[in-house]
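**Q** If you use the working numbering, the sequence shown closes out at 156, no skipped numbers anywhere.
Everything labelled a hint here was simulated from the structure, so no lab data went into it. Check before you lean on any hint, since a few could be wrong.
[To be verified] Straight-line alpha carbon distances no greater than 30 angstroms define the calculated DSS-like cross-link-like pairs of lysine-lysine that follow:
hint, residue 1, residue 2
1, 70, 143
2, 143, 63
3, 143, 91
4, 139, 70
5, 63, 91
6, 70, 91
7, 139, 63
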Amino acid sequence: SYLFISHNLAVIRHVSHRVVVMYLGKFMEMAPKERLYSAPLHPYTRALLASVPKPFVTDENIEDKVIAGDIPSPSAPPAGCRFNTRCPLRTPLCEEEEPEWKEVGKEHFVRCHRVDEWV
């Protein structure tokens, strides 16, 4: 076993069996590689995967894949879910309470209040 830390999701896909997505020092999602890349559940994981450059993409079909919102300080993370300042799906609960680390499938874990809505 080894721990490989990278921001390059294309490389991670080829060297890992299990992938953990972190945001501001917290695990947001963990799943076997095939599951995470084919069916990501956390909004941050989805945004990261959408931002990976695709081969053979022309200028006409490139979309702006920047994750909107305020980037919080790692030394002073926001209350509630750490991704709430940038999440397009946030609710008041996300701003108040940290989500639990929840198993949503075999070896698939997510930290999101709204995950039950799309599992």
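**Q** Between residue 143 and residue 91, does the CA-CA distance stay at or below 30 angstroms?
**A** 29 angstroms, holds
**Q** Would you check the hint for residue 63 and residue 91, treating anything up to 30 angstroms between C-alpha atoms as holding?
**A** Holds, because 27 angstroms separates the two Cα atoms, which is no more than 30 angstroms.
**Q** Please verify whether residue 70 and residue 91 have alpha carbons no more than 30 angstroms apart.
**A** Holds, because 18 angstroms separates the two Cα atoms, which is no more than 30 angstroms.
**Q** CA of residue 70 to CA of residue 143, is that 30 angstroms or under?
**A** Holds, because 12 angstroms separates the two Cα atoms, which is no more than 30 angstroms.
**Q** Between residue 143 and residue 63, does the CA-CA distance stay at or below 30 angstroms?
**A** 21 angstroms, holds
**Q** Can the restraint linking residue 139 and residue 63 be considered satisfied, given a maximum Cα separation of 30 angstroms?
**A** This hinted pair holds, its Cα atoms lying about 13 angstroms apart.
**Q** Are the Cα atoms of residue 139 and residue 70 separated by 30 angstroms or less?
**A** 18 angstroms, holds
When held up to the earlier numbered hints, the structure conflicts with none and fits them all.
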